[in-house]
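Trainee: One letter stands for each residue in the lines below.
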Amino acid sequence: MSAPVLELSGLSKRFGAVQANADVDLSLGRGEVLALLGENGAGKTTLMNMLFGHYLPDAGHIRVDDGQGLRDLPLGHPQAALSAGIGMVHQHFTLAENLSALDNILLGVGSLLSRRKRGGAARAHVEDVMARSGLQVALDTRVSRLTVGERQRVEILKALVRNTRILVLDEPTAVLTPQEADSLFANLHQLAVDGLSVIFISHKLREVLAFSDRIAVLRHGRKVGEIATAEADERRIARLMVGAEAPQVERAPMDPGAPVLELSGIRCEAASARDRLSDVSLTVHAREIVGIAGVSGNGQAALAAVISGLRAPDAGEIRVGGALPARHTPAALIRAGVGRIPEDRHHDGVVGSMSVAENLILERLDGPDVQRRGFLRRRQIDAAAIAAVEEFDIRGPGPDAPVRLLSGGNMQKMILARVFRAAPKLILANQPTRGLDLGAAAEVGRRLVAACGDGAGVLLISEDLDELIALSDRILVMVDGRLTEAPRRDRTEIGLMMAGAAA
Amino acid sequence: MIRIEPRPPVSGTVRLVLPLAAALAALALTAVPLLFAGAPVFTAYGLMLKGVAGSLFAFTETLTRATPLIFTGLAAAVAFRARLWNIGAEGQLYLGALACVWIGTGMIDAPALVLVPLVLLAGALAGAVGMIGPAWLRTRFGADEVVTTLLLNFIILIFVQMMLEGALKDPMGLGWPQSEPVLDAAMLPPLIDRMRLHWGFPLALVMAVLVHLLMSRTVWGFRIRAVGENAAAARHAGLPVTRVLLSVAALSGALAGLAGVSEVAGLKGYLTADLSPGFGYAGIVVAMLAGLSPLGVVVAAVYIAAVFVGADSMSRELGVSSYLADLTVALSLICVLLGGFFARYRIVRVPTVDAGQG
Numbered sequence: 001m002s003a004p005v006l007e008l009s010g011l012s013k014r015f016g017a018v019q020a021n022a023d024v025d026l027s028l029g030r031g032e033v034l035a036l037l038g039e040n041g042a043g044k045t046t047l048m049n050m051l052f053g054h055y056l057p058d059a060g061h062i063r064v065d066d067g068q069g070l071r072d073l074p075l076g077h078p079q080a081a082l083s084a085g086i087g088m089v090h091q092h093f094t095l096a097e098n099l100s101a102l103d104n105i106l107l108g109v110g111s112l113l114s115r116r117k118r119g120g121a122a123r124a125h126v127e128d129v130m131a132r133s134g135l136q137v138a139l140d141t142r143v144s145r146l147t148v149g150e151r152q153r154v155e156i157l158k159a160l161v162r163n164t165r166i167l168v169l170d171e172p173t174a175v176l177t178p179q180e181a182d183s184l185f186a187n188l189h190q191l192a193v194d195g196l197s198v199i200f201i202s203h204k205l206r207e208v209l210a211f212s213d214r215i216a217v218l219r220h221g222r223k224v225g226e227i228a229t230a231e232a233d234e235r236r237i238a239r240l241m242v243g244a245e246a247p248q249v250e251r252a253p254m255d256p257g258a259p260v261l262e263l264s265g266i267r268c269e270a271a272s273a274r275d276r277l278s279d280v281s282l283t284v285h286a287r288e289i290v291g292i293a294g295v296s297g298n299g300q301a302a303l304a305a306v307i308s309g310l311r312a313p314d315a316g317e318i319r320v321g322g323a324l325p326a327r328h329t330p331a332a333l334i335r336a337g338v339g340r341i342p343e344d345r346h347h348d349g350v351v352g353s354m355s356v357a358e359n360l361i362l363e364r365l366d367g368p369d370v371q372r373r374g375f376l377r378r379r380q381i382d383a384a385a386i387a388a389v390e391e392f393d394i395r396g397p398g399p400d401a402p403v404r405l406l407s408g409g410n411m412q413k414m415i416l417a418r419v420f421r422a423a424p425k426l427i428l429a430n431q432p433t434r435g436l437d438l439g440a441a442a443e444v445g446r447r448l449v450a451a452c453g454d455g456a457g458v459l460l461i462s463e464d465l466d467e468l469i470a471l472s473d474r475i476l477v478m479v480d481g482r483l484t485e486a487p488r489r490d491r492t493e494i495g496l497m498m499a500g501a502a503a
Numbered sequence: 001m002i003r004i005e006p007r008p009p010v011s012g013t014v015r016l017v018l019p020l021a022a023a024l025a026a027l028a029l030t031a032v033p034l035l036f037a038g039a040p041v042f043t044a045y046g047l048m049l050k051g052v053a054g055s056l057f058a059f060t061e062t063l064t065r066a067t068p069l070i071f072t073g074l075a076a077a078v079a080f081r082a083r084l085w086n087i088g089a090e091g092q093l094y095l096g097a098l099a100c101v102w103i104g105t106g107m108i109d110a111p112a113l114v115l116v117p118l119v120l121l122a123g124a125l126a127g128a129v130g131m132i133g134p135a136w137l138r139t140r141f142g143a144d145e146v147v148t149t150l151l152l153n154f155i156i157l158i159f160v161q162m163m164l165e166g167a168l169k170d171p172m173g174l175g176w177p178q179s180e181p182v183l184d185a186a187m188l189p190p191l192i193d194r195m196r197l198h199w200g201f202p203l204a205l206v207m208a209v210l211v212h213l214l215m216s217r218t219v220w221g222f223r224i225r226a227v228g229e230n231a232a233a234a235r236h237a238g239l240p241v242t243r244v245l246l247s248v249a250a251l252s253g254a255l256a257g258l259a260g261v262s263e264v265a266g267l268k269g270y271l272t273a274d275l276s277p278g279f280g281y282a283g284i285v286v287a288m289l290a291g292l293s294p295l296g297v298v299v300a301a302v303y304i305a306a307v308f309v310g311a312d313s314m315s316r317e318l319g320v321s322s323y324l325a326d327l328t329v330a331l332s333l334i335c336v337l338l339g340g341f342f343a344r345y346r347i348v349r350v351p352t353v354d355a356g357q358g
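Residue numbers (our numbering), protein chains in the order written: chain A, 1 to 503; chain B, 1 to 358.
Among the hints, erroneous ones may be present.
Partial list, computed: chain B residues near chain A (C-beta under 10 Å) [what the hints assert, rightly or not]:
| id | residue |
| --- | --- |
| 1 | Pro-6 |
| 2 | Leu-213 |
| 3 | Ser-216 |
| 4 | Thr-218 |
| 5 | Val-219 |
| 6 | Gly-221 |
| 7 | Ala-226 |
| 8 | Glu-229 |
| 9 | Asn-230 |
Facing chain A, according to a computed beta carbon distance under 8 Å, are these residues of chain B, among others [to be verified]:
| id | residue |
| --- | --- |
| 10 | Arg-3 |
| 11 | Arg-217 |
| 12 | Trp-220 |
| 13 | Phe-222 |
| 14 | Arg-225 |
| 15 | Ala-232 |
| 16 | Ala-233 |
| 17 | Arg-235 |
| 18 | His-236 |
| 19 | Ala-237 |
| 20 | Gly-238 |
| 21 | Val-348 |
Now the in silico label distances, taken between C-beta atoms and shown as ranges [what the hints assert, rightly or not]:
| id | chain 1 | residue 1 | chain 2 | residue 2 | range |
| --- | --- | --- | --- | --- | --- |
| 22 | B | Phe-341 | A | His-54 | 19 to 25 Å |
| 23 | B | Leu-20 | A | Asp-480 | 57 to 63 Å |
| 24 | A | Ser-272 | B | Ser-216 | 38 to 44 Å |
| 25 | A | Ser-407 | B | Val-10 | 19 to 25 Å |
Just so you know, the hints here were simulated from the structure itself, not pulled from any lab data.
We put the beta carbon where it would ideally sit given N, CA and C, even for glycine.
Based on the provided sequences and hints, a complete structural model is requested.
Mentor: Below is the structure:
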């Protein structure tokens, strides 16, 4: 490693009872690409927020090279971090959609009222940065017309034009196709050769192994390991992350049974592509897992909304277990035997301030074991909750505690308990492992396979291609509201289909 | 430089003590304007206490004042629980009062056992109708119920004035815009001889207990809470969100309507356009002070009533403006909100540096 440009030493941060970071040391060399790995809640984001001045550390120092050696960075001041040459690209973009790419890049640089921004030196500077980095964007196009990959380039350029010497990227590939991700890393590599130091946060072991120089792993807020990527392999990193061997989901093919979900000619009209479906037909059989691959925003949300009953299609027919549901509402589809694991569990899956026990009965308030003549049968509800907590290993303060106090993985287990205890014919699992750590994600996969073995059909919508390939019997690719069956479960081929290259 | 950071959840005891501490803090802060008004502070507090609970009469007056506040406080609490912002309890109160005098001034002649439940029912129904309208507009067209219910208050009040000048005007009223007196058989009798406290107060207590049981023990209450806390998840789970909102609207309006019946049939005996000095709006403060808890509403309503009654009697004796009561109520609300804030966040100091370096 060359001379360090950044040194974090002894950083600690506590939020109440939670030790988010404890005594973390980290250093970054000039031109180095460092991958920061860790399960959800391991403290990666807190650490970066302290580096960026959003949080004030309880203890520790940050030192940054200012050209004449390492200097202490004043803590808790984002402006100081910016002027020390630290740039951050957040997972969720912070762009003004109605401004051009150039305006977005220059926003906040120099005077707001400068009229020369569009033409003169500033534009030349941006073009120079684009040429050096290889990150090409049509500067005069409005951001609302750019693709996700292009928007991300705008975000990175925004950081680079401020003479950033240390770039932090928070899960940069979460919204990209595999090909877009590869080209992003190629650009980052070029920048690193020119002297930029990069820290990127990721969950995906494959890209971490392929594109970093060094890997630092956080667990429970502490740095538990640091290895040169050349000496690392997947098993070793996974073991560092979870503190044990990463569990693998065993998947033996089963004999598919009768169709449990039949969509024919489903069409949804909408202004934006993410809500549009064009002539979607699809059959899921019992004891079968069908995967839907695709870059986010290609109609998966609309498909999930139709199958959940939240949205009635403009044309087409949906059958559950061979029968048309009485009405196209969530309640009717639940009754017809559809179990739903929603994409955004905080928004659609749970009522955060209500207890675990209450959330477990949310979808079946009419059940005779839940209510009698309109009154809740508390004893039965509590007993069922205790049993569910036991069976699904939902860890937290207990069945009476508000669901919002549970971790993401345990919240998802709560939703699984609700879905599986209703013995559904079809399980719609929309991004079921998003934001979960390896252990919890493997648990979700195991449960889905087990439910499948019990005779349910599973429709698995995911952006994680590795997960789809590991779990699915068949994979269909969704592009622009259309479904196409993938001939093989092959990474590269499906990746190309996702990008719309092959049909 | 200071910054605000979240703090770990506080215990249940703290959450119970917090509003009480806030109420005491508000009362203590009232000393500042008292000093400015040149009043002897300790004497003033003594007189306030005497006005609130110095005698049986004073105490029953406080409870009489609390009665409509319990009803309107409950109306706000149930609606707010479902995130339905009913600011129209004032108007619904007048609708209830209007229904009460319409039925109760001679349209039907029946024994008290029939007539009293009848006017209560009519008032509740009228209030319910007054809130279902705005709630329907919200669920159907997305019309903001804060605006519609607030504006309806004025429409309803003007409608009441119109009725008091016309169809409902008392021919024996010497030209005053007031309704005919309610029949004796329709009146809520006094609770204690020679005191103004009437059966509306125990009725309000019963309603508070019923609403508490409804919210905590029934499927209906469960649905109301779920829809209020996360409507998207409730819809996803197949709950009938629109129906729940309309039913909450009806319940909330009915409770406010009962406040009107209780004031007319329990206290005044006839309807005038100044029946309520803003009980509907004060109900919102009561509900917020109570943290939307139905049983807490009773405590908060008695507190607010005590502030009004106490400040009133103190100001009469010392010659201090009785606006002091409004000030204390406002201070209480601010103290409770601040208390809630500091239960969730803490303030951390950051040493100031020159940010322009590097």
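Trainee: Would you mind marking each hint as holding or not holding in the structure?
Mentor: Hints, one by one, checked against the model:
{"no.": "1", "hint": "Pro-6", "verdict": "holds (7 Å)"}
{"no.": "2", "hint": "Leu-213", "verdict": "holds (9 Å)"}
{"no.": "3", "hint": "Ser-216", "verdict": "holds (8 Å)"}
{"no.": "4", "hint": "Thr-218", "verdict": "holds (5 Å)"}
{"no.": "5", "hint": "Val-219", "verdict": "holds (5 Å)"}
{"no.": "6", "hint": "Gly-221", "verdict": "holds (8 Å)"}
{"no.": "7", "hint": "Ala-226", "verdict": "holds (5 Å)"}
{"no.": "8", "hint": "Glu-229", "verdict": "holds (5 Å)"}
{"no.": "9", "hint": "Asn-230", "verdict": "holds (4 Å)"}
{"no.": "10", "hint": "Arg-3", "verdict": "holds (7 Å)"}
{"no.": "11", "hint": "Arg-217", "verdict": "holds (6 Å)"}
{"no.": "12", "hint": "Trp-220", "verdict": "holds (7 Å)"}
{"no.": "13", "hint": "Phe-222", "verdict": "holds (6 Å)"}
{"no.": "14", "hint": "Arg-225", "verdict": "holds (7 Å)"}
{"no.": "15", "hint": "Ala-232", "verdict": "holds (5 Å)"}
{"no.": "16", "hint": "Ala-233", "verdict": "holds (5 Å)"}
{"no.": "17", "hint": "Arg-235", "verdict": "holds (7 Å)"}
{"no.": "18", "hint": "His-236", "verdict": "holds (4 Å)"}
{"no.": "19", "hint": "Ala-237", "verdict": "holds (4 Å)"}
{"no.": "20", "hint": "Gly-238", "verdict": "holds (3 Å)"}
{"no.": "21", "hint": "Val-348", "verdict": "holds (6 Å)"}
{"no.": "22", "hint": "B:Phe-341 to A:His-54: 19 to 25 Å", "verdict": "holds (21 Å)"}
{"no.": "23", "hint": "B:Leu-20 to A:Asp-480: 57 to 63 Å", "verdict": "holds (60 Å)"}
{"no.": "24", "hint": "A:Ser-272 to B:Ser-216: 38 to 44 Å", "verdict": "holds (42 Å)"}
{"no.": "25", "hint": "A:Ser-407 to B:Val-10: 19 to 25 Å", "verdict": "holds (21 Å)"}
Of the numbered hints listed earlier, not one is contradicted by the structure.
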